[in-house]
Amino acid sequence: MGSYILRRVLQSLLILLGISFLTFVLLYLIPADPARQIAGRSATAQTVENIREQLGLNLPFYQQYFRYLTGLVQGDLGRSYLQKTEVGELIASRLPATLLLMLGAIVCELAIGLTMGLVAALRRNTAADTSLMVLSFVGVSSPQFVIGILLLYVFAVQLGWFPIGGYGTFRHMVLPSLTLGFLGAGWYSRMMRSSMIDVLRQDFIRTARAKGLKRWQVLFGHAMPNALLPIIAMIGIDIGLFMSGIVVVESVFGWPGIGQLAWQAIQRVDIPIIMGVTLVSAFAIVLGNFLADMIAPLIDPRIKLR
Amino acid sequence: MSVGETAVQEAATATGERGVMQRLFRRKTAVFALVLIVVIVGAAVLAPLVAPYDPNEQFFDGLTLEGAPLPPGPQFWLGTDLLGRDLLSRLIFGAQTSLIIGVVANGVAAAFGALVGILAGFFRGWVETVLMRFTDLMMAFPALLLAITLAALFRPSLWIVAMVIAMVNWVQMARVVYTETRSLSEREFIVAERSMGAGTFRILFRHVLPHLLSSIVVFGTLGISTTVLLEATLSYLGIGVQPPTPSWGNIIYENQTYFTSAPWLVFFPGIAIIALALGFNLLGDALREVLDPTQKGRH
Numbered sequence: 033m034g035s036y037i038l039r040r041v042l043q044s045l046l047i048l049l050g051i052s053f054l055t056f057v058l059l060y061l062i063p064a065d066p067a068r069q070i071a072g073r074s075a076t077a078q079t080v081e082n083i084r085e086q087l088g089l090n091l092p093f094y095q096q097y098f099r100y101l102t103g104l105v106q107g108d109l110g111r112s113y114l115q116k117t118e119v120g121e122l123i124a125s126r127l128p129a130t131l132l133l134m135l136g137a138i139v140c141e142l143a144i145g146l147t148m149g150l151v152a153a154l155r156r157n158t159a160a161d162t163s164l165m166v167l168s169f170v171g172v173s174s175p176q177f178v179i180g181i182l183l184l185y186v187f188a189v190q191l192g193w194f195p196i197g198g199y200g201t202f203r204h205m206v207l208p209s210l211t212l213g214f215l216g217a218g219w220y221s222r223m224m225r226s227s228m229i230d231v232l233r234q235d236f237i238r239t240a241r242a243k244g245l246k247r248w249q250v251l252f253g254h255a256m257p258n259a260l261l262p263i264i265a266m267i268g269i270d271i272g273l274f275m276s277g278i279v280v281v282e283s284v285f286g287w288p289g290i291g292q293l294a295w296q297a298i299q300r301v302d303i304p305i306i307m308g309v310t311l312v313s314a315f316a317i318v319l320g321n322f323l324a325d326m327i328a329p330l331i332d333p334r335i336k337l338r
Numbered sequence: 002m003s004v005g006e007t008a009v010q011e012a013a014t015a016t017g018e019r020g021v022m023q024r025l026f027r028r029k030t031a032v033f034a035l036v037l038i039v040v041i042v043g044a045a046v047l048a049p050l051v052a053p054y055d056p057n058e059q060f061f062d063g064l065t066l067e068g069a070p071l072p073p074g075p076q077f078w079l080g081t082d083l084l085g086r087d088l089l090s091r092l093i094f095g096a097q098t099s100l101i102i103g104v105v106a107n108g109v110a111a112a113f114g115a116l117v118g119i120l121a122g123f124f125r126g127w128v129e130t131v132l133m134r135f136t137d138l139m140m141a142f143p144a145l146l147l148a149i150t151l152a153a154l155f156r157p158s159l160w161i162v163a164m165v166i167a168m169v170n171w172v173q174m175a176r177v178v179y180t181e182t183r184s185l186s187e188r189e190f191i192v193a194e195r196s197m198g199a200g201t202f203r204i205l206f207r208h209v210l211p212h213l214l215s216s217i218v219v220f221g222t223l224g225i226s227t228t229v230l231l232e233a234t235l236s237y238l239g240i241g242v243q244p245p246t247p248s249w250g251n252i253i254y255e256n257q258t259y260f261t262s263a264p265w266l267v268f269f270p271g272i273a274i275i276a277l278a279l280g281f282n283l284l285g286d287a288l289r290e291v292l293d294p295t296q297k298g299r300h
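Heads up: the protein sequence lines correspond to chains A and B, in order. First residue of the first sequence: 33, per my numbering; consecutive thereafter. First residue of the second sequence: 2, per my numbering; consecutive thereafter.
There's no promise every hint is true.
Not everything, but these chain B residues come out facing chain A in the computed CB check (under 7 Å) [to be verified]: (1) Ile149; (2) Thr150; (3) Leu283.
Everything labelled a hint here was simulated from the structure, so no lab data went into it. Every residue gets a Cβ at the ideal spot worked out from N, C-alpha and C, and that includes glycine.
Using the sequences and the hints given, assemble the complete structure.
Laid out in structure tokens, this is it:
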């Protein structure tokens, strides 16, 4: 176990190193000249040259990457020339909102997905099962901006149950969380269905029934916990899905998280911010996959560590 | 998500072409998916014939006296957009954009992913290490953000958007094909072929590739819907296909400020995107069950 964890940590670090390299190459290729951006239009060629030297932009590629990497290791994500702020500070100030949104999304996707999967498994091969599974496919086939705008129209504009956007109270959280969780609900309902069907076929379920337990006792006491185990390990992987989703969901709902930050940066072509958010997201994805791999053998000892 | 990654094998040889089609048509969801796809593909191919108006024509009577878009009615069936253009015609021509990107981007992604997977799975050694570590890397890269960065790098045109999407969408295919090729190349018939002195290319094309076909078909089909969704999202963010070329995503992007007073401008394009993505997702899922002998009778 110890050597397995060590190997996975090293692997994750290597992936992060690769991602930092890839983001740097992209940053390097972007035609916009940061020195010119800082200096402004009226600056002389000498001023621009001085700034370039100060930032190390005149250094060869590998030296620039090394500087960038040294900064990253110390938690320095670079500086937004347009906003004149440290990217790290911008992201740190917006991270809590994003994490809150993700938490809400996890609750939504589990509540909807698991219920759908459970009902489908119990009504296997009926019309209810088929419609639920088609519905789960609608979930994974719906772009989040469409779901978000439609939810806004129905529940905020027409019914007025929820605010139209913004951040602060529980009521602000409901629609964005639902939107972000919609996609995951589709995945979870399908996983829950097949997991539940597998468990219900096991011998211990037959034994539980044979010893005279009530149907709901068998279902919630014996079947559910076992069906849920493989699914819980997947939550870490969801973070990857969310990281792409937050850009859209936060911009639709005006949610002040890192997704909105990235979206605003896209419109102003503020590359350091886009890169910073990309790096932080990639880090979250790697961490999520790592946690999923760590949790999986704990809840199912049959999983072999490689 | 990983269902069938390792399981889909030997399907292409085990079942004849006719058997596959017959079993596909027996599934209601597959028929429903095919209907959705045929309707949209038909509309895209016959766009100049079936569209009631020119998608870019701005009608004088296409706006209310206050200059707001018209709701669905007898003249403009699905209403008009903020410039007084016919929404139905724009949706029909937008289907062309979605399908071109879906087919081109996904074709490139599937071919590249399959190539990476086969090479890594067959040659092993340093080829495997380099290719699969690169694939791991791309897995950890948030797809939408990478696409956004790439789109910011280049001036987005239809083909650039297709290539950007292809660059982020080949990973899934590479993983699936890699896993299968690896287990295939250790099977007796490949080892026997090799010991009889068959060349690498003969083994790859005559023996390995045919066994991979069913997986490539399944994940190629599922990939189209991922592609369609990514194009819609990029266009919605304003960095995908650029107006006036209609795309379902940029129709919503252009009109979203009107969504409280003119919800049809979001609703109909939204339905179109969901219908196309749903069609390919359901078809891919049905193909997976039909082509995969090991899953028969599991559910």
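Right, here's what the structure says about each hint:
This hint holds: isoleucine 149 (chain B) has a C-beta 6 Å from the nearest C-beta of chain A, less than the 7 Å allowed. The criterion of a C-beta within 7 Å of any C-beta in chain A is met by threonine 150 (chain B), whose closest approach is roughly 5 Å, and the hint holds. Hint on leucine 283 (chain B) holds. Least Cβ distance to chain A is approximately 6 Å, under the 7 Å limit.
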